[in-house]
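Chains as they are written, first to last, in my numbering: chain Z, 1 to 386; chain W, 1 to 301; chain Y, 1 to 294.
Because the hints were derived from the structure by calculation, they are not lab data.
Please read these numbers as outputs of a predicted model, since none were measured by experiment.
Please note that the accuracy of each hint is not assured.
[Unchecked claim] Label pairs and their computed distance ranges (CB to CB): (1) W:280 - Z:71: 48 to 56 Å; (2) Z:270 - Y:1: 26 to 34 Å; (3) Z:348 - W:62: 53 to 61 Å; (4) Z:190 - Y:264: 28 to 36 Å; (5) Y:197 - Z:374: 48 to 56 Å; (6) W:62 - Z:294: 55 to 63 Å.
For glycine and all other residues, C-beta sits at the position ideal for the given N, C-alpha and C.
Here's the letter readout for the chains.
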Amino acid sequence: MKRQIVALLLILVAVSFGFSQTKVVVNEWRIPFLNCLTGPIAAIGEFLQWGANYAANEINAAGGIAGKPVRVIPVDTGNDPQKGSVEMARIVKDSLVAMGPVPEPVILAAMPIAVENQMMSITATTSYEYAVQFFPWTVSWFPPTLDRLPALVIGWAKQFSDLKQVVQFIEPYGPWPGMAEAHSKALAGLNIKELKAIEVPTDAVTFGPLVVRALDQKPDGIILVCNAEKAAKIIKELKSRGWTKMNHILVFSSADDAQLYSTGGADLNGVQVYNYLNLEVSNPRWDKFKAAFAKDHNGQMPFSLSPNYYDALYMIKEAIEKTGVTGDPKKLKEERKKIADYCANVKGFQGLLYEWDMKDGVPTNKPSYIFEIQNGVKQFVLEVRP
Amino acid sequence: MPLSLYYFLSITAVNILMSWALYVPYRVTQLHFITIANMMISGYLAGYLVLHAHVPFIWALLIGFAVGGIIGFIVSLFIGDAPTFSVVIVGFTSIYITRTIVENLPIIGGTMGMFGLPNIGGNPGTHRWIILCILYGLVILCGFLIYRFDHSSIGRAASAVFVDKELASSLGIDIKKLGMLVQTFSCTLAGGVGVLYGFIYRSFHLDFFGFALIGIFMTVLFVGGYSTQWGPLITAPILYGLPLFFPTEVQSWRIVIYGLLLILVLELKPEGFITRKFVHSLGLSFSRKRAKEIYSKEEEQ
Amino acid sequence: MQVFIAQILNGLSIGSVYMLLATAFNLLLLVAMIIHFSYPQVVVFCMYIIWLVLKITNNNVFFGILAGVSSAILFNIISAPLFQKIMKNREEVDINATMVLSMAIGWIITDVLSHAFNNGLPIQFPEEITGSKPLFRVGLISILPGQVLALSIGIIVVVGFFILLYKTKMGRAFRAIAEDPAGAKLVGIPLVKTGFQSYALSGALGGLTAVLLIMLFHSASPGLGEQVSHKVLAVSIVAGLGNLVGGLVVGLALGILEALVQGYVSGNWSNAIAFVVMLVIILVKPRGLFGVKV
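Just need the whole structure built from these sequences, with the hints factored in.
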C-alpha cells in the first residue's frame with residue numbers, strides 16, 4: 001500500500017519534471033506544427049501535415065534552410081483546447097517559430113501563449129478575423145472577410161441574369177456567419193433579394209425540413225455556408241426535390257474539401273464553388289506537388305488547404321535566410337521578432353501557385369477563383385483579384 | 001515556473017474540481033451534467049463583465065459562483081429527487097439550450113468566441129500565479145468541504161441513498177433536500193470553475209464546453225474512484241499528464257486508450273482505484289504505525 | 001398545404017431514425033437488461049462493416065446485409081458480458097455504470113472509425129443499396145424508397161417484437177433471464193441457449209437498423225452515432241425505458257416536432273426546443289409518457 005503511494009507520487013513528480021525538460025538542437029531547424037491529426041477533422045489535418053512534410057522534404061533535397069535540414073514536428077492537439085494550450089506552452093520554451101494551431105477552438109486556447117512569449121505561429125487555415133487577434137505573432141493567410149468575399153459572390157451572381165433572389169444555408173460555427181454576412185453585402189450591392197436564411201444545426205443528420213423551407217421561398221440561387229458533409233447532403237436533397245439549376249448553387253470555400261466530394265459524388269456536377277486553389281494552374285513545383293499528392297492519396301487531387309502549410313514552411317525558410325537568423329538559443333527573442341517582422345511584410349513571396357505580398361500580416365493581392373464541379377473535378381470558371 | 005507546468009497544473013485543477021462537481025451528486029446516484037452548462041453560463045457572463053463592463057475579476061468570479069448556485073438551486077427544486085435518467089436529460093437539455101443561446105448572442109462573441117480577456121494583475125506572470133492560487137485554494141477549500149460532507153451525517157445519508165433509495169427514504173432521509181443540497185453545491189462549484197477555465201486561456205469558445213468534457217470528467221471520476229473524493233484528486237493529473245509523454249503515434253489513439261482503461265476499471269475494479277476500503281486501510285496503517293511509535297517510545301521510557 | 005405535408009413526411013423520416021434506434025436500444029434493455037447509451041455508435045459501426053463488404057464484394061447487397069447483421073450479433077455477444085458483470089451486484093438496472101461503460105464503448109468505436117476507415121472521411125453507399133431515386137415526387141413532396149422501408153419495417157419490427165416478447169413463450173424466457181437469471185434457471189429455462197438467442201435477436205435488429213439507416217442517409221461518418229445518441233436516449237426515457245410502443249410513438253413524434261421547428265421556426269433552435277419539450281415531459285412524468293417496462 002505504501003509502495004502504491006510512493007509509486008503514485010513518483011509518477012506525479014515525473015510528470016511535473018517532464019514539463020521542465022528542455023532540449024536544444026542546433027543541427028537542424030525544428031518547426032513544430034500544432035495540427036489536428038485525430039478527431040473529427042483528422043482527414044483535413046492529414047492533408048495539411050502532408051503539405052508541410054512535402055515542403056520539408058523538398059527543402060532538404062535542395063540543401064535545407066541556410067545549409068541546415070528542416071524537420072516539421074507534428075504535434076497533435078486532437079481538436080482539444082486543453083491539449084493545445086499545454087503543447088503550445090511546451091513549444092514556446094525554445095522553438096524559433098511554429099505552425100498552426102488548427103482549428104479555431106485550439107487557436108483561441110493556444111495562440112495567447114505564443115503572443116505572450118513573442119513567438120510567431122503561422123495560422124494558415126483560419127480567417128482574418130481570428131488571426132488579427134494575435135498580430136503581430138501570426139499572419140493572416142486571407143484578407144478580411146468583408147473585403148474578399150463580396151467580389152466572389154458578385155462574380156458568381158453576374159453569370160446568371162435570372163438570379164433575382166438567393167437563400168443562404170448557414171451553419172453557426174466560427175467565422176461562417178461572418179462569411180454569410182459578406183455574401184449578403186454582395187447580394188445587396190447587386191440588388192438581388194436575399195431570402196430568409198436557413199440555419200443549419202451543427203448536429204443535423206437529415207436536411208429535408210431545411211431544404212423544403214428554403215425551396216418554399218422560391219429562390220433562384222442558393223449559397224451554402226456549412227461544413228462539407230452537410231453541404232453535399234443538402235445538395236443531394238435539393239436535387240431530389242427537383243432543383244435542376246446546379247450552377248445556381250454556390251458552395252463556400254470552407255466546404256471545399258474531401259468530405260464534399262466523398263459525400264456528394266456525381267450529385268455535385270454543375271455546382272459552383274469558390275476557393276483559392278486552382279488545379280488548372282501549371283508550374284513545375286505545383287505539378288510535382290499534385291502528382292505526389294495524388295500518388296499518396298489514391299489519385300485524389302489536393303484540396304483547398306493542402307498547400308497552405310507548404311507555403312508557410314517556405315515563408316519561414318525565406319524569413320530565416322533573408323534575415324540571417326542563426327537559430328542560436330541565446331538570440332531566440334531577437335530572431336523570433338525578425339521572422340515575425342519579415343513574414344508580416346514580405347514582398348513577392350513565391351507561393352506554390354502564385355506570388356503575393358503581405359502588408360502588416362494581411363495578404364494584399366491573392367487571387368481567388370470560382371469553379372464548377374464536374375465528375376469530382378473543379379473546372380475553372382472565373383478568377384477574382386482584389 | 002515553466003509555462004507548460006502552469007497549464008498542466010491549472011487544467012489538472014479544473015479537472016479535479018469538475019470531477020468533484022460530478023462526484024458530489026453521484027453520491028446520491030445522480031449524473032449531474034448540467035454542470036457543463038453552468039461552466040458555460042458563468043464563464044461567458046464573467047468574461048462579458050470583465051471585458052465590456054470592466055467589473056473587477058474577483059467580483060466577476062464571485063458572480064460566476066453565485067449564478068451557478070442560483071441556477072443549480074432553481075433546477076434542483078424540480079429534480080432534487082428525480083430519477084437518474086431525468087437528471088441526465090436535464091443536463092443534456094441545458095447544454096443544448098446554453099450552446100444555442102451563446103451561438104446567437106454576438107455581444108458575447110457568438111460563434112466566433114470571446115477574445116482578449118485581460119491579464120489579472122496587469123501582467124501575464126501575475127495573472128498565472130493568481131489563477132493558480134485561486135484554483136488550488138479552491139481545491140483545498142472544496143476538498144475540505146467535501147471531506148466534511150463525506151464524514152458527516154449528511155454524507156452517511158447520501159451513502160444510504162446510493163445503496164438503496166427507498167430504504168433510505170423509509171429511514172427518514174429527506175431525499176429531495178439532500179438532492180437539492182448536492183446539486184446546488186455542484187452547480188455553484190461548476191460556475192466558478194467555468195470562469196477560471198476561460199481565464200486560463202483568456203478567451204472563450206463554445207467548443208471549450210462541449211460534450212467531450214463530460215467524457216473527461218467521467219473518466220477521472222470512475223477510474224479514480226467514485227466512492228471517495230481522493231480518486232479524482234489522484235487520477236486527474238495522471239490521466240491528463242501521462243498521455244502528453246506518449247509518442248505521437250500512441251497519442252493519436254489516446255481516446256481509445258481512455259475508453260479501454262475505463263472499461264477495464266469498470267470490469268475489474270468497479271469502484272475505481274481509490275476506494276473507501278483503500279482509504280480506510282491507509283488511515284489504519286498510519287494510525288497503527290503511529291500507535292507502534294508511541295508504544296515503543298513509552299517502552300524506552 | 002404542400003409544404004406542411006412535405007414537412008410531416010420529413011418528420012416521419014427523421015422520426016424513423018429515432019424510432020429504429022430507440023427500438024434497438026429498448027430491445028437490448030428488455031432481453032439483456034443493458035442500457036446501451038452508445039448503441040447508435042454500434043449501429044454506425046455495422047454500417048461501416050456493410051460498406052467494407054460492399055467494396056470487397058463489388059456491391060453485393062446480400063453479402064453486405066449479411067455482414068451487417070452478423071457484425072451486430074457478434075458485437076452484442078462480445079459486449080453483453082461486459083455489461084452483465086458490472087450489473088450483477090445491483091438488483092435493478094444500473095443506469096450509471098452501464099451508461100459510463102457504453103460511453104467508453106462509443107468513444108472507442110468513433111475513434112476507431114475515424115482512424116481506420118476511409119481516412120476518417122464520410123463513406124458513401126452505392127445506389128444498389130440506397131435506392132436514391134424518389135418513388136413519388138410532387139412539388140416539394142418527395143418520398144424515397146428508404147423512407148418508406150424505414151418507417152414500415154420499423155413499425156412491423158416494433159409490433160413483431162412486442163408480440164414476441166409479451167405473447168410468446170420465447171419472449172417470456174428472454175425477459176425472465178434478463179430479470180432474474182437464477183430464477184429462470186430454476187424453472188428450467190436453458191440460460192446459455194436462450195441468452196444467445198436474445199443477443200442474436202437484438203443484434204439482428206441492430207444490423208437491420210444499420211441497413212435501413214443506409215437507405216435513409218446514403219452515407220455515414222464516424223461522428224454520426226454521437227450526433228443522434230443523446231436524442232435516442234432522450235426518446236427512450238421520455239417514452240418509458242423498455243417501452244417498445246412508447247419508443248415508436250415518441251420517436252416519430254420527436255421527428256415531426258424537429259421537422260416542424262426547422263421548417264417553420266428556426267434550425268438553430270430545433271435541438272433546444274426538442275429537448276425542452278422532452279424535459280417538460282420528464283419533469284411532469286418522470287417514469288415516461290407510457291411507463292417503464294423493466
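Structure-based check of all given hints:
1. Checked against the hint of 48 to 56 Å, the pair residue 280 of chain W and residue 71 of chain Z passes, with Cβ atoms roughly 52 Å apart.
2. In this structure the supplied range 26 to 34 Å holds for residue 270 of chain Z paired with residue 1 of chain Y, their Cβ-Cβ distance being about 31 Å.
3. Between residue 348 of chain Z and residue 62 of chain W the CB atoms are about 55 Å apart, so this pair conforms to the stated range of 53 to 61 Å.
4. Distance hint check for residue 190 of chain Z and residue 264 of chain Y: the Cβ-Cβ separation is about 29 Å, which falls inside the suggested range of 28 to 36 Å.
5. Look at residue 197 of chain Y against residue 374 of chain Z: about 53 Å separates their beta carbons, and that is inside 48 to 56 Å.
6. The hint said 55 to 63 Å for the Cβ distance between residue 62 of chain W and residue 294 of chain Z, and at roughly 59 Å that hint holds.
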